[in-house]
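Novice: Each chain, letter by letter, is given below.
Protein chains: 2
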Amino acid sequence: MIKANDPSLHSWIEIDAASDFPIQNLPFGIFSTIDRDPRVGVAIGDYILDLCVLGRRDFFELIDFDPNVFHRPYLNDFIALGKPIWRAVRTRISELLRNDNDEISGNSDLIRECLVMQRAADMLMPVKVGNYTDFYSSMEHATNVGSMFRDPQNALLPNWKHIPIGYHGRASSIIPSGTAIHRPKGQTKSPDMEAPTFGPSQMLDFELEVAFITGRETALGESITPNEADDYIFGLVLMNDWSARDIQTWEYVPLGPFLAKSFASSISPWVVTLDALEPFKVKGPVQEPKPLPYLEFTGNHHYDINLEVLLQPEGAAENLICKTNYKNMYWNMNQQLAHQSSNGCNLQVGDMYASGTISGAEKGSFGSMLELTWRGTDPILLSDGTKRAFVNDGDTVIMRGHSEYNGVRIGFGEVRSQVLPSI
Amino acid sequence: MIKANDPSLHSWIEIDAASDFPIQNLPFGIFSTIDRDPRVGVAIGDYILDLCVLGRRDFFELIDFDPNVFHRPYLNDFIALGKPIWRAVRTRISELLRNDNDEISGNSDLIRECLVMQRAADMLMPVKVGNYTDFYSSMEHATNVGSMFRDPQNALLPNWKHIPIGYHGRASSIIPSGTAIHRPKGQTKSPDMEAPTFGPSQMLDFELEVAFITGRETALGESITPNEADDYIFGLVLMNDWSARDIQTWEYVPLGPFLAKSFASSISPWVVTLDALEPFKVKGPVQEPKPLPYLEFTGNHHYDINLEVLLQPEGAAENLICKTNYKNMYWNMNQQLAHQSSNGCNLQVGDMYASGTISGAEKGSFGSMLELTWRGTDPILLSDGTKRAFVNDGDTVIMRGHSEYNGVRIGFGEVRSQVLPSI
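Taken in sequence, the protein lines are chains A and B.
Per numbering that gives the first Met the number 0: the first sequence = residues 0 to 422.
Per numbering that gives the first Met the number 0: the second sequence = residues 0 to 422.
Treat the hints with caution; some may be incorrect.
Copies of one chain are not kept apart here, so a pair can be met inside one copy or by any two copies together.
[Unchecked claim] Below, a list of computed lysine to aspartate or glutamate pairs in the EDC-like style, where the Cα atoms sit at most 20 Å apart:
1. 386 <-> 313
2. 127 <-> 216
3. 2 <-> 221
4. 127 <-> 76
5. 160 <-> 45
6. 188 <-> 287
7. 322 <-> 361
8. 82 <-> 60
9. 386 <-> 193
10. 160 <-> 191
11. 82 <-> 377
12. 160 <-> 193
13. 282 <-> 63
14. 289 <-> 193
15. 82 <-> 101
16. 127 <-> 191
17. 188 <-> 295
18. 127 <-> 15
Hints in this document: simulated from the structure, not taken from any laboratory.
Chain A extracted, bound-state conformation (with noise of 0.2 Å):
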């Protein structure tokens, strides 16, 4: 096991049992407050401890590294690093804050200096992603959608259990959690309508995925495969990767999905490691037709991540609407990284890989509001007598994603973002 991981660590820092930031997770983010400008912080309880602070007064200096990559607006030059250099920082970090360690403890005016209450700071985009992927990996969800927008009786197509499927996104539109979006304007066209008409989405949703994020790049012409794909990847985030099913229904034969989706992606702030998720590692579910040789791999690469979304209308209270998990997923995220480096693309530092919407097998597990309501056809009650085909202005669509094992809890935080109206 990692050091770091041990359930019987304790932080000097106290931390609520229901906290997502335990001294077992310690994920990476990039904040700012009124007088801190952006940099690198790690989430402990509900503080984030500031690196560039702990980096300037040399307590780092046994890791061989420059620790001003931590007074950097993205983690992308730390990450960049590789991970014997993640790993180190994460265990010193850990060390640090561990309940017989007084380096920090023992000095109160270095704790005022290093650590930030999470709500006196404003979390902002992790990583400046400069390439990003979509996948579609849960058996679930492309069953559903499949069965939705082609033909219930053929709805896997036949390339989808050979191939994790997916495709590029627009990475100038993923935004940090808290930033309100509009809802797009496109193009639709209902079948009984002679020719499109172009206005506000009529069928706003959200997708509950969760995205990973690289840390070492590859050569152009290079390919790697599954099982050295976790050398790559740095941590995880939750992404809700916002759709509009109208524009989307219209525009995506042959080319496939584009403005449906590139208006929004909105992620979780807090990069929780590939390292801190380790105990979470779990069996997938037996793929076959067996995969190809370059998509072989050995060990478990699922995880064991419980995932729920509420929606909250302005001013009324939070809707439980979906509960599912990662492990559900039939590709896994080594899968997905060695498919998309087999034709020689090259990978690089802040690329972001999504899943692909993640459903269960029962309704209440469907991770978008098509599957949950069936396109439309079968609305959700909300707790304050109003119904939902998909998602209104003002309403505000929360995803949260925590792991548990011995008592500890793994934590993602959140992403929540409000929809206003189109401009």
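Following the hints, position chain B against chain A.
Specialist: Using the frame of chain A, we list chain B on its own:
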């Protein structure tokens, strides 16, 4: 007319009449030499004018910007300054290079310092591409592809004349002319095979495209009109958007092309400004049905640019295999960019937007091997006696483009790339 475009201008530098880079062109690029680190230059005849040198010596002091933007490995910081600055800089360079100006020409030390032979320089990527979109805007190409892959009777899909169809491409694998590519590997499955196999693509293809680069950003949620797009477009390059047709056929339903495209897209290194192309604006085709209001424009936004593709087997002569023209496009750049932003997707500095394959009406004007050989059924005979259904290992594909008016030739140089075997 823009002063720098005046056909009567002449430079004190001797420029061959067949050169792509007379004083009326002045395209921007990034170059390095054995003793100059990457920086901004402008092509003039057989030379590169080193803007970094001119900036340091205050030749742009009457223009309000920091000339250190020329000492960068990408054009992004320069073009982010906006159109009034691009214009003023180009006008000033035109003035400095004019035969009646002795600010540089009268100082032989300075001439040696600021002029570099193109053949002594390495041309690098002109911009750091944050987002790459590939459109599909040639009606002839879309019709050809629809005929081959779907239904010859309904080759053009119902949305095509309403939407400038496009999809997001991979930014990381856009590379400059001169970079060899490796034949991509991938999954393919012909209809007569039971299961897919993995290996080198057997249907490697080029796509002749023109791509434009944006130099101004929008905020998330904002949209621009086609008429406003002129202020966002910095300039144009040629693109060879490499494609693996066998990978594409098996993977592209339902989410569009992915690994069939992401292994490489090669571009010409000199960015020809929209201003330099002003004299070549022409009326486009009649768009019927009339596009929706958000795609309406006034004035001419098509450009008369002669394009050609040459294929050169290893150790043999170049073969001209395609002659076409950019003015053949159905949708213009301004409509493409307005469409991209119409859902509120934010534009960024350094984005690249490619036209899609540019095909004319006749066979010799088709912009891909797929169309030229009609999916390999009618191979091309080359001058060395060999035939090509698609591109072979060892082949070099060369694309060139230029416009001409009043004896002035505004050229793009070339994009040239050799295909190496799979790794």
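Novice: Which earlier hints can't be squared with this structure?
Specialist: 3, 5, 9, 11, 13, 15, 16 and 18
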